[in-house]
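Undergrad: Taken in sequence, the protein lines are chains L, E and R.
So the number in this note's numbering is just where the residue sits in the first sequence, counting from 1, plus 123.
So the number in this note's numbering is just where the residue sits in the second sequence, counting from 1, plus 123.
So the number in this note's numbering is just where the residue sits in the third sequence, counting from 1, plus 123.
Since the hints were made in silico from the structure, they are not lab data.
Sample of chain E residues facing chain L (criterion: CB under 7 Å; computed from the structure): (1) Phe187; (2) His191; (3) Thr192; (4) Phe195; (5) Val196; (6) Gly209; (7) Val213; (8) Leu218; (9) Ala221; (10) Leu229; (11) His293; (12) Phe297; (13) Asp497; (14) Trp511; (15) Glu512; (16) Pro514.
Cβ pair distances, simulated, as ranges: (17) E:Leu276 / L:Gly147: 26 to 36 Å; (18) L:Phe495 / R:His441: 52 to 62 Å; (19) L:Leu276 / R:Pro453: 53 to 63 Å; (20) E:Arg515 / L:Phe471: 44 to 54 Å; (21) L:Gly437 / E:Arg251: 43 to 53 Å; (22) E:Arg515 / R:Arg278: 41 to 51 Å.
Backbone N, C-alpha and C define an ideal beta-carbon position, used for all residues, glycine too.
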Amino acid sequence: MAGSPRRTAGRRLQLPLLCLLLQGATAILFAVFVRYNHETDAALWHWHNHSNADNEFYFRYPSFQDVHTMIFVGFGFLMVFLQRYGFSSVGFTFLSAAFALQWSTLVQGFFHSFHRGHIHVGVESLLRVKDAGGSMTIHAFGAYFGLVLSRVLYRPQLEKSKHRQGSVYHSDLFAMIGTIFLWIFWPSFNSAPTTLGDGQHRSALNTYYSLTASTLSTFALSALVGRDGRLDMVHIQNAALAGGVVVGTSAEMMLTPFGALVAGFLAGTVSTLGYKFFTPTLESKLKVQDTCGVHNLHGMPGVLGALLGVLVAGLATHEAYGDGLESVFPLLAKGQRSATSQAMHQLFGLFVTLIFASVGGSLGGLLLRLPFLDAPPDSQCYEDQVYWEVPREHEDLAQGPLRAEELETRA
Amino acid sequence: MAGSPRRTAGRRLQLPLLCLLLQGATAILFAVFVRYNHETDAALWHWHNHSNADNEFYFRYPSFQDVHTMIFVGFGFLMVFLQRYGFSSVGFTFLSAAFALQWSTLVQGFFHSFHRGHIHVGVESLLRVKDAGGSMTIHAFGAYFGLVLSRVLYRPQLEKSKHRQGSVYHSDLFAMIGTIFLWIFWPSFNSAPTTLGDGQHRSALNTYYSLTASTLSTFALSALVGRDGRLDMVHIQNAALAGGVVVGTSAEMMLTPFGALVAGFLAGTVSTLGYKFFTPTLESKLKVQDTCGVHNLHGMPGVLGALLGVLVAGLATHEAYGDGLESVFPLLAKGQRSATSQAMHQLFGLFVTLIFASVGGSLGGLLLRLPFLDAPPDSQCYEDQVYWEVPREHEDLAQGPLRAEELETRA
Amino acid sequence: MAGSPRRTAGRRLQLPLLCLLLQGATAILFAVFVRYNHETDAALWHWHNHSNADNEFYFRYPSFQDVHTMIFVGFGFLMVFLQRYGFSSVGFTFLSAAFALQWSTLVQGFFHSFHRGHIHVGVESLLRVKDAGGSMTIHAFGAYFGLVLSRVLYRPQLEKSKHRQGSVYHSDLFAMIGTIFLWIFWPSFNSAPTTLGDGQHRSALNTYYSLTASTLSTFALSALVGRDGRLDMVHIQNAALAGGVVVGTSAEMMLTPFGALVAGFLAGTVSTLGYKFFTPTLESKLKVQDTCGVHNLHGMPGVLGALLGVLVAGLATHEAYGDGLESVFPLLAKGQRSATSQAMHQLFGLFVTLIFASVGGSLGGLLLRLPFLDAPPDSQCYEDQVYWEVPREHEDLAQGPLRAEELETRA
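Bound conformation, chain L alone (with noise of 0.2 Å):
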């Protein structure tokens, strides 16, 4: 047929063209006209006099509910994308959830510790280093651990498996309640460790721009480098989100919601091509088995975040911030750290997160190699059934259902 080369070609181009116009003429027209204190965004962020106001309409202060539904379900749901290990995802993530949350109790109250380890609590209170949505001390630091593990644990035989890596149409389905679930409370888990108020409001509200940017930019990026210009769902489903992870660091930040925009755009592009590119090379060249593309989502846009940390702190000014430098910066409020010097701290940082994720991960590898810790051979991964009893499918759902005269026969 004729026309299929052109149509190919428009199809491969109509989509990212489309995205790319219309993020490019809003991010110019955020620039120009959107300040956090514009007198909308001042009333509309408003929180505690709302009294006077006759049309209020709320970002809900982040709860244990939000951030339990974006874990249970938005963790949980992601993995199912795997056509035989569902199960696991949604039941693994649930057993360690549940842990998570007493032994949170523990450590540190009963929730503020539950999306952070100990690491954060090493980088972010000794070195003073700010890092509320976790770029470095979650993101950064979970992605290495876990590919350095791997690499440990590295199987040349699991190609035996290959059959079972990818998805089916409804596994994706499952999987995208996990993405939306995610992008809706990622805002409430950034913001949930900052300060009450303005804080929290601005953590939130820059959340949601590079959310934004980043679907705007995988959706076109998606379509650029698909083949015959076709959508993956492995991106829309992990890349859209990566505008959640590279904010995690400056999102409290004075980053201003172009910086936003901006900074979600290039994390779901990075991210994109993470998946497209980088991917295959990180298992033949690397010895880096990668399933469920951590290093796109969580590794480059989490370091990504902390160097935007690291500039947007080094930019911090009295002026810039006002009253709120003293929650944001307490120690260049008090005078005892430039904003260089705080630059310099957030950067040493993302180094030390690096430093314990290669020495955790390989240590963590090193024991889930001990013999007696029993693994599932290589051509069983990805496989529910070595640890749960799977359902065998029936004949009858394959066959489609009963005619209503077969019904009536059989009653």
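Dock chains E and R against the given chain L, drawing on the hints supplied.
TA: Frame of chain L, contents of chains E and R only:
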């Protein structure tokens, strides 16, 4: 089998009779006993002074997160009912909502304008017409805009894609995720733009009542008109929500709980009958292809809701509203407009909405027919594969799980 | 293969041992270190005066929306595990909950009575028995009502529908949506009817602890009793929630965090063992067909919870409750009843509940056996098609997606 015809007749009437009798009896009791300022309600809905109560349970103020859940999860999954269009439904809802969030900041504050476009600002602000939940400016406008657009884009050969136009078993279950989250958060949506406090409580309460009644009438009517008395998932997924649409204009007014029940019951009835009898005619006679039945969920209930607003506004008195008149009908409170005049303005608002929708839909349709815009051929509609990489279903899943012995042998 | 038996034995013990060791160690640390009025907790749970804190994170007060999510999403999807009964599970839950919302307005305010019927009002109000989360009046009552009813409706030929009684892979994943939303909002449910402030915080916190422990014990026991150490989805979907049931009576009391862990652990254990060993006996010996295992999730944990309430009420002292005694046990605070007397009342409440449930279940069963009520034949149980139009699965989906060339050719 002798009992079969009687059984079929019995089944056809059993559920409808049960629903109708229960709803009738409940509605009568509502008319006689339930008032907004019944002492139990007053205690329940009293918001600010809760410290004396020993038993409090809240309607939560509408928040970003609630409405995001409604839009991303609700709208996203509702359309997944199509067997081969799930990726597009959830994916493109995700993309559009993310962009709408950015754009809304530019238009009018962060979220206030997210769910209402310029037409709303035009109608509500300039004419001083009330339409908080958007029966007119969201539902009727959106539906008739889309239906006119669909008329312009009419595809006579669309039956080539007929086999993909229905659902499969699991796609209907995914769609129910959408329905249920929409149902839960519709009261938040309708009450979000109304006055904080009493206004939001009344809006939410009326929406709840209306939704419960449309759910009951949908089940009753669906079984009544179904083959052998069987329920139809399309009705349950959509018409059950018509109660939220029909009170979009009047939910903040003194509709009374009984009025909300009646409105919801009618909306569910009209919507279900529309799916059964009107949608086929719409395509065959009027050449409008309405795959999701927007005319039944948004069009007719939206117009009904606008007319209900005319009626309830026309009945407004200082006695019924008390001090609340100022917030619901400010011009009436100031004596600048009579109730009848307000009613006429409401009717004129509907008229303007429908004109705008028709003109806008026509222009939009002509725009989309521009030759350089690439549309899928008639045989490839409702098909994710045009835009998405779709995984090949793996034979292992169809064959059912391995037996334990096979697992051990392969290991 | 030589290693197989050892591998199987290792797998059977690995997960249970891990769970039991971690839970044991954590429980000991809880017993030694964790107190309600530990300074971190006090800061965390302090509700009204949050302006001084620099790091706040909330348990959100229970709301309509939370409990609706629990009921519509949670209950609705939990029962979707049946391979051919998903439409009925989610649909009829939807219908019943919508009607219950209307009815609750008539009975006792808008939502207060939604999740508790007359029996609750009878037992709690008349006898002054505490049962906020409904171990007795919701769970034990509902379970034994239903089990007695199921005994009266016993179908000896039900094995004709046996092939439809299990799950398929994706129906189990849908059910996990139900489980997880129930888990997240169970603390809101148990705390909704308790006293605002400290009472709600304590109820929620105890419910969280109990749920985490029942989740851990369910995974441990499920693997321990499973074939080859495999986990069973039925256990995870249900028994993991038994921790919410077992503290339904005592969550608002001074159960202590350690007490909540122990109670939850026991409930998960009893529930899992019930699914494995008791449900088959229940059918074969007692002629009670308990498809969803309500005896394991609601019956036994409900009775256990009532007995736990007897114990904790009997141990109540002025020292332990301080000023809170007035809200939890008003008659004790006024000196009109001793702790022992309160415990006896609690025990009598359980007795009355079980009598009411048995009589009510018998009458309900006899009512449903009336000949004009149409029930599906034994061969058509667990089959949506009796009540619903069920889509015929399309051959295209089974065949997998088209290849790119086919797409172009067809176009």
